[in-house]
Amino acid sequence: MPPDQKTVPTWSTRYAIDTGLFFGLYLLYVWLVIDPRLIHHSIGLFMPALPFSFSTGWPFFQEHVSQVGGLVDYASRWLTQFFAIGWIGALIVSASACFSCIAIDALTRIAGRPRGTIARYVPATLLLVTWSRFTHPLQSVLTLLVALACSAVYHLLARRSATTAFAGLIALFVSVYYAAGAGALLFPALVVPYELLIKRRPLLALSALLCALAVPWAVGMTFFHGNFEQAYLGFLVSAPGVIGWGQLCLLALYLFFPIVLAVAALPIRGPAWWSGERSLIWAIQLAFVLLAVGAAAWFSLDRGGRVVLRMDYYAQQERWPEVLLVADQMPPGQFSTRCNRNIMLAQYHTTRLGDEMFRYPQVPGIGLYSTPSTERGPDVYLQESRICLVLGQVNLAERWASEALECNGDLPAILRVLATINIVKDRPETARMFLTALGKKPLHRRWAAEMLQRLDEDPRLDSDPRCRELSQSMTHEDNVDSLTPEVMLVSLHERLPGDRKAFELLLAHYLHACRPEKVVYWLQQPTSPQYETLPRHFQEAIVIYSIMTHGCLPQDDPRVSQEVIDRAVELDSILAEYGRGDPKTREAALAAGFGDSFLFYFNFRMSGV
Amino acid sequence: MRRPYWMIAIAAAVLVAVPAYWLTARGSADVDDSTPLSRAPRITPDYSGVVIPPNIAPLNFVICEQGDRFLVKIRPEEGNPIEIASRSRNITIPLKRWRSVLEASRGKELRLDVYAEIDGRWQKYQTIANRVAQEPIDEYLVYRLTGSVYREWNRISVQQRNLTDYRESVVLDGLDLDHACVNCHTFTANRPNPMCIGMRSEKLGSGTIVASGGEVKKVGSKFGYTAWHPSGRMAAYSVNQVRQFFHSAGAEVRDVIDLDAALGYYTPDTEKAKLVPLASDKDRLETYPTWSPDGQYLYYCSTPILWEDRSTIPADISAEIKYDLMRIRYDIDGDTWGEPETVLSAKDTGLSILEPRISPDGKWLLFCMCDYGCFPIYQPSSDLYLMDLETGDYRKLDINSALSESWHSWSSNSRWIVFSSRRRGGVFTRPYISFVDAAGTAHKPFVLPQEYPDHYDSFLKSMSVPELVTAPMSVDAQTLAKAGWSEDTITADAVTGATQVMSEPWEQAHQ
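Protein sequences, first through last, are from chains A and B.
The working numbering numbers the first residue of the first sequence as 47 and each following residue consecutively.
The working numbering numbers the first residue of the second sequence as 663 and each following residue consecutively.
If you are wondering where the hints come from, they were derived from the structure by calculation, not from laboratory data.
Don't take every hint at face value.
With a straight-line cut-off of 20 Å between C-alpha atoms, the simulated SDA-like cross-links for lysine to any residue are [to be verified]:
1. B/K1144 / A/N273
2. A/K486 / B/Q1140
3. A/K486 / B/K1123
4. A/K487 / B/A1064
5. B/K1123 / A/F106
6. A/K486 / B/K1144
7. A/K487 / B/F1121
8. A/K564 / A/E515
9. B/K1123 / A/G103
10. B/K1123 / A/N273
11. A/K487 / B/G912
12. B/K1123 / A/E623
13. B/K865 / A/T102
14. B/K1123 / A/S101
15. B/K1123 / A/P600
16. B/K1144 / A/E275
17. B/K1123 / A/D81
Just so you have them, the derived chain A footprint on chain B, three or more residues with Cβ under 8 Å [as the list claims (entries may be wrong)]:
18. 770–778
19. 787–795
20. 912–925
C-beta atoms are modelled at their ideal positions from N, C-alpha and C, and glycine is treated no differently.
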């Protein structure tokens, strides 16, 4: 029964509706939920940074032109830069998904089948799942798209004679292999079913197979001196930015296209009612697609990783209040040394250490200044460098930033830190090198140019508040022994007497180490800043110190509020009721809301629970 | 129907050609009535007032002056000048014409005129006068390419650069040895064979790859600083126990001392290693061996171990670690060693004497002196000194900068030296070339020229330990790497109670 023209949308209207709706939602999801900025930020944290490093200029381009797959690699690196802008990154992801969808349409059309409503969205869904894990398969995706585009060109040529098709096959495969590398093997993989099942030219199908064997050997191994793995296996061995089961998704993605073509070319027909010509069936199919893709997106999203990345992203941007907001959304068990450091830094910059440091998990022995060996990796160096800058240990900061540069390559954030360090160390010429390198990063060119101009005018950048602050806090005392955190913090406080942030960092160290006597000692020093109201944790330290040394509460100490004294009394009664070693004591104290206090941390060596 | 394709092709050609023309067009650079300026142009790298080899690659440079267009004339005393007009400040000199101009200018002056057009008016800067030496430089420079390594490294390689052009190839890439550290490349009298390179990798262990004659073998222990006997029949090397440490303040963060060191030697024919008897004293540190060109003396650096606890860094490093320059006679036929002699004492100089290298004609000894220690590249105070071996007189060279100079090498004709310098910024090491005339005067050095004039402006790697060699490597990178992977290693264990560990400056930290 023909569809009712007045009530049923035409094919092209349906096409526009389902494609528009799908990719509209897709774009919004990628932009607002996955957030390509986080994918960009995860480079150097969750995935190696070197495969995504990009510089403008001919030498960098020439380096890529001279290798198999270099052109797609170059394009991938260039496009990756724009993931730092959320909506552009979302556009890139959505556009690549959309092209994969169009490719499926084209393949089914070549096979003489109508456009489907479900199969066409499978590649886009696989891509969404991969990106939801905060991996970055852009290079593999671009390779796929280039191979698909090449197949489209071949289809145009193949309509003429077999000779033209053969010549086109050779020329196109050599070109696409040079441009995209081993992933371009998808092209002959598409030619084989096309020639065998659709055009019925088995010799051409055989030629495609032989090409798939010969061209990687000739071009990849002989001409460009690659090894077997690089020449034939490509992303199957190592796809930059893709780890774990993301590689399986990619493999499924690559296999999907030749399978669709082969299946579509087979003389098998499904039930007529399923063809989607009826509005209801079409609507059901569309609803199914949206639900299935929504479910896939929902279940594949790495929520914990997202929170960690958001926090780290804001910390790198020095948006400290946002760091603390995200910290509150952190799922239990997700805290790591890296997260804790970001929170501590945020509290330091917002002067909340004295009031809130025990709102978050603190682990004795693992603090701001030491990383457990299990968590040590290339990603920690830049963070350690930033912490050292806070402490005025500029040489140490230089060391860690240099380690980061060596391990992670020329990430813009690393170049910025190193440029700043060299400015502060009065080495404008080296700072200039880092800034010139930074100027070759597309989104950092303006900032680098401005800094270079300012350096020309003022080589020490004394006018810059950040550089001035670092110069003031920088240590000039050469010490070749390993510096303990305490020595560094005391030294910082001595260089910046009266500075509240430096002082609270020192006291936070003592709180973390359960040394209330040190807190009390430093609060009595004339170099301590003047407080109208002493931060809560410092008050708690005074209380504990008083109980420990005098056996009584500091009732007459005007620095300690009655509320803190009352809370100390309450905890003391809980301790007395259950006994210090009884697990019920801790539970009772937590139930009474002590989990975010130094009183609790001092007694139970844990916090933020 | 074909017309649109032609139109697209023409449009594409125009799109390419117009910017290309705009960037490279010579235009009508009528500079005859240009206004003369009273100063020389600022160019980077600084290729002004230098003596250059007649076979060096074009000295491409960047003009650091304002201008809408630029014209550069490279004028030999005789013959046609090279004229380069450019809208870009980056001046790239055509290789063929440069070669012919250099050849015609041997022993003569080569002038450089720079013009800049501002608002339609041409200005002419003062002429830069360089000189082309008669004597060529050895054609190849082998150096170590590395990042700013503290504890971690991603890629360390030994590279081979053709100095007559910009071609560069890998001698040995650490990536081919499972991210190994490759270092201490050493050659025999500026020849590429025999040679050796040290390697260290977590997976493959430490070793030395020795290429001698047609053979490439791996020695199962890593040589430190190595010097091949001029005959190529043996190589002297140091065995060092290195400790790295860090300064919390000051220009240079990294520092290094040897906690123990001694000299040994390896004979490829017998595949045996031995200690140099009187240069492996348990109470002294001996390092940096180098041979006199006649092979009769081994020069080296040595200092007594004055501090008590030899497993730790001494409290006052700058007072306690200053090396003397020593030498010891050797008879290669009898394999006999003489008594050590002090050539120059740290007591007399007040400085630590390091990295001696003797010119192939045997006349000059080039060495470093710095405030203290054994690793001059980390010492901003390190400068180059030249000693006349006939008289024993020495002097500080004028080519030094305020920052570290070290790792120097002579050309086979004793007229050129190349050395590592951190003069540009203090962090990244670059190779500088200087002409040393017959009187021992070293002329203003210039940095190794690069194809891209602004190459060094953003190059975040160090090029250190430059060694001049007369020919390209006789063994390719794959063969050397294959030897590195080989389990068939020569056991040449020169271990003694005095010296058990050889490590790189950063190895302690890496462990």
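Do the hints match the structure? See the list:
1. B/K1144 / A/N273: 14 Å, holds
2. A/K486 / B/Q1140: 33 Å, violated
3. A/K486 / B/K1123: 16 Å, holds
4. A/K487 / B/A1064: 32 Å, violated
5. B/K1123 / A/F106: With a Cα-Cα distance of about 15 Å, the restraint between B/K1123 and A/F106 holds, given a limit of 20 Å.
6. A/K486 / B/K1144: 37 Å, violated
7. A/K487 / B/F1121: 14 Å, holds
8. A/K564 / A/E515: 27 Å, violated
9. B/K1123 / A/G103: It holds: about 18 Å lies between the C-alpha atoms, which stays within 20 Å.
10. B/K1123 / A/N273: With a Cα-Cα distance of about 27 Å, the restraint between B/K1123 and A/N273 is violated, given a limit of 20 Å.
11. A/K487 / B/G912: 31 Å, violated
12. B/K1123 / A/E623: 65 Å, violated
13. B/K865 / A/T102: 36 Å, violated
14. B/K1123 / A/S101: 15 Å, holds
15. B/K1123 / A/P600: 60 Å, violated
16. B/K1144 / A/E275: 18 Å, holds
17. B/K1123 / A/D81: Status violated; Cα separation ~34 Å.
18. 770–778: violated (count 0)
19. 787–795: Since three or more residues must qualify, the claim that chain A covers the stretch 787–795 of chain B is violated, with 0 doing so at under 8 Å.
20. 912–925: With 5 residues close enough to chain A, the hint holds.
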